[in-house]
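Chain residues, written in single-letter form:
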Amino acid sequence: MRQKMWLFCLCTILAVSIVWGVPKMAHAKEDTIKVGILHSLSGTMAISETSLKDVALMAIEEINQNGGLLGKKIEPIVVDPASNWPLFAEKARELLEKHKVAVVFGCWTSVSRKSVLPVFEELNGLLFYPVQYEGEECSYNVFYTGAAPNQQAIPAVEYLMSEDGGGAKRFVLLGTDYVYPRTTNKILRAFLHSKGISDEDILEMYTPFGHSDYQTIVAKIKKFAASKPTAVISTINGDSNVPFYKELANQGIKAEDIPVIAFSVGEEELRGIDTKPLVGHLAAWNYFMSIDSKENKEFIKKWKAYVKKHNLPGGDKRVTNDPMEATYIGINMWAQAVRQAGTTDVDAVRQAMGYQQFKAPSGYEIRMDPKNHHLHKPVFIGEIREDGQFDIVWQTPGPIRAEPWSRYIPDSAKKVADWTYPWVCGNCEKPKYK
Amino acid sequence: MKYYKNTTIVIILIGLLLQLFAVNVNAAPTTNMELSQALAGLGAKSRKKIINSVKKLGQIGDPAAIPALEALQERKLRADANGRIYIINDDGTSAKEALTGETYTGAIDDLYTPIINNRVRRVIKTVLARLKLKSSDPEVRLLAAKHLAKNPREDASKEIQTALEKETNDEVREALALALALTQIDSPRKDQRLQTIKTIAESGNLKFIPLLKGVLAKDSTGNFIEPDAEVRKAASKAIKAIKRHMLLISTIRNLFYGLSLGSVLLLAALGLAITFGLMGVINMAHGEMLMLGAYSTYIIQEIFKNFLPGLFEWYIIASIPVAFIVPAVVGMILERTIIRHLYGRPLETLLATWGISLMLIQTVRLIFGAQNVEVSNPSWLSGGFQITQGLLLTNNRISIILFAVFVVFLVWLLLNRTPLGLMVRAVTQSRSTASAMGILTSRIDMWTFGLGSGIAGLGGLALSQIGNVGPELGQSYIVDSFMVVVLGGVGKIAGTVFGAFGLGIINKFLEPFTGAVLGKIFVLVFIILFIQKRPQGIFALKGRLADG
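Chains as they are written, first to last, in the working numbering: chain L, 1 to 434; chain X, 1 to 548.
No lab work stands behind these hints: they were computed from the structure.
Keep in mind the model is a prediction, meaning the values are calculated, not measured.
Each hint should be verified, as a subset may be incorrect.
[Stated by the list, open to error] Straight-line C-alpha distance at most 25 Å; calculated SDA-like pairs for lysine to any residue:
1) K213(X) to S157(X)
2) K240(X) to S227(L)
3) K56(X) to V393(L)
4) K228(L) to A217(X)
5) K222(L) to K56(X)
6) K294(L) to P399(L)
7) K55(X) to E70(X)
[What the hints assert, rightly or not] On the chain L side, residues computed to face chain X include the following (Cβ under 8 Å):
8) A46
9) T207
10) G210
11) A249
12) E295
13) E298
14) G314
15) D391
16) V393
For every residue, glycine included, the Cβ atom is placed at its ideal position computed from N, Cα and C.
With the hints as constraints, model all of the structure from the sequences given.
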């Protein structure tokens, strides 16, 4: 009996090593540029991050089909940090030290970014971060392709205060209790003060992760909104959005009475939702799938073809969204910078990244800011439609520059984000020169 | 002189001509022209033009514009290149001209869809309400009157007045009277102002407090803006009355919210009360049984959507047995293959069931994908009804409370009124005695575990109606479930019922003061203290049973 067991184990190990080893050996002969992809493929964040991995692989496949980079093919190394924040740091280290990747595309939540940051700074790696975030950060080793608060939250609030947005005089800041909502709301509160809105007209509320009982909160919003036109600014995280919107609709609150603008609800999140109660509510992003531009049509066509070719789960129901666009821009800009620098060396590529331009799916010529490592992006405000897409009701005339350090927080307003020569600092108050 | 005379004649002639023309403008066919012009404006590309046309339609006041406005609201309005507007049917296969009803012959995809935002929607709603005041259906009139009362506009007061005079339905009259009163708070007549305040006080609506406070306000010199002391007194009395009313309402509301949260907790925990409470299995896979129940509901929904679209509204009824049977069968298989080997070894059971839960999550993720799936509420489970001003009970919450009562009754019936229940209770009380009496204890274990899993599945069905359905659904409820069962007292179904409702109500009365995050922490602290004081929970098994 025991012998049989051993035999079985041996066979399994042998089989596994053959399956794993053969393609690796075959690959080893070819000279490739390795690129790391660090997105959760399991755990709570898998819902959002899986499609970023897919779109990254699509962009890489596209570059390879067009002859690769510097005469070599790009080889993606996909790892799964499993929505586990410390594991993000371990996997980042593995990518940089073991696989020696030239660049990493990854992370979604701010916690995961904060957890990998020391690793990238210690090993001088390069990270492209594709998601809108709370700002208050500017690392030498990161390029931020998502929106900073002034490229999403601030324009959204300005829209709500305008006549078109309903002329809101009172604001409910509602969020899940963690770093992104807390920081964003801190900035928004300071911004609202600067617009002459007093504290009694701001109601700030937080819920725990995975909160699903919004009865009291909705009743409170209703009471708060009784006297003046009110808007809700929601930084509620992923899953809790459905019970919140359902409760709103059931208690008879329509978007035209109290509009809710969300910063983390996009096409992908709406896919698993009964959208009827959400119609008319708003979202602010730098890209929507419904944008009518030549580049976007092409982007969607490529994505649909990729999904079909690789038979990805979800099939033709798969959509594109803002972080996917940001990932796509990031990879293409990095490839441009590598071509320009003639090498994948991190320092050379970082130099070449500044002023890099790319005609993005949003239809705008997007530019990388050499000083603060953020993209200049246009801002769109969309109203949710019944089919899970957005009607664009407002947009900025063109791309706007990111402000990683918010001017509305006194401590941050003093800080400078400038990584160009002769500065050597992106997050300090006093100048440091080379 | 002659010259002047001539001019006068010319002027008179021109005046007469103009008069004639003016008469013509007022005549019916040209009004129709005006109407169709305003309607054409609805298909404009600029939202400003749309708003102006909507307002114009409100001034014209012709109910013929109602279908087009409603179509615009629902994204069913289309415009062609010549500015004619069409309304498409529900499935978007054909379009009809908005006024004449002619069928559109070209390709529907070529038509332009005017895009509106919330601002336009607000204007449309008010205009629709004004147009609908003339409807023959009292319910439509009531809705319109209520909307006008919510958004008082002085320029509508005349229309409301005429509508009120003609109105026969009492409910509509009441709403109209409120709407009219609100437009008259600044009236120069004292009796009208007093009447307004009286009507507002009767409505009991918190929304009007700022309006009443405005009556009491002083101007910059310290004099009251409202000159009459009697009116001021009435206003302050009205404020007090409304506040009293609201306090009562908010207490009732918190109680209802507490009951509804409690019933959600109860449905989530009831299955565990059987597997953990009665059998003593620390079942970490309980959350996944909830998840399987929710996914069963999803599958039934999809079947109804594809094969029985006519009965779609009732899919939820059909999913009740399925959401019970699927997790029950899975539970029984698990019990037979794994858990029965681990009885009496709590640590191993804990680890094994946790492993099972991970496997179930991953299996579901492989089959259905990591994305949440869409489970929609049937329309009879959406919305709510207003008991009085400020107290709105939502249909899905009421149904969940009723469903929880139904499931508890079912469990009680099964345990206390069936031979299976008798045997289950016997095995729980003393396994060896029951065995000596000829009961096949291992088979009873299987049935009990199946029952617990099935009840959990029913909980999952209820949860699918209020939240997300995804592979991780169960994870967020497992801690709450254990909390409820431990607080209620292990081994007693009644304890679970009391534990769930107690926690729900405490939570909901705390939340308005502490916020959701702190509220949850307080509840946890409360449970820890309670368990310190009374480790056996609210309901304890007494005597020898407690040791078994």
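Check your understanding: Hint by hint, which ones does this structure get wrong, listed from lowest number up?
Key -> Of the numbered hints given earlier, those the structure breaks are 5, 12, 13, listed in rising order.
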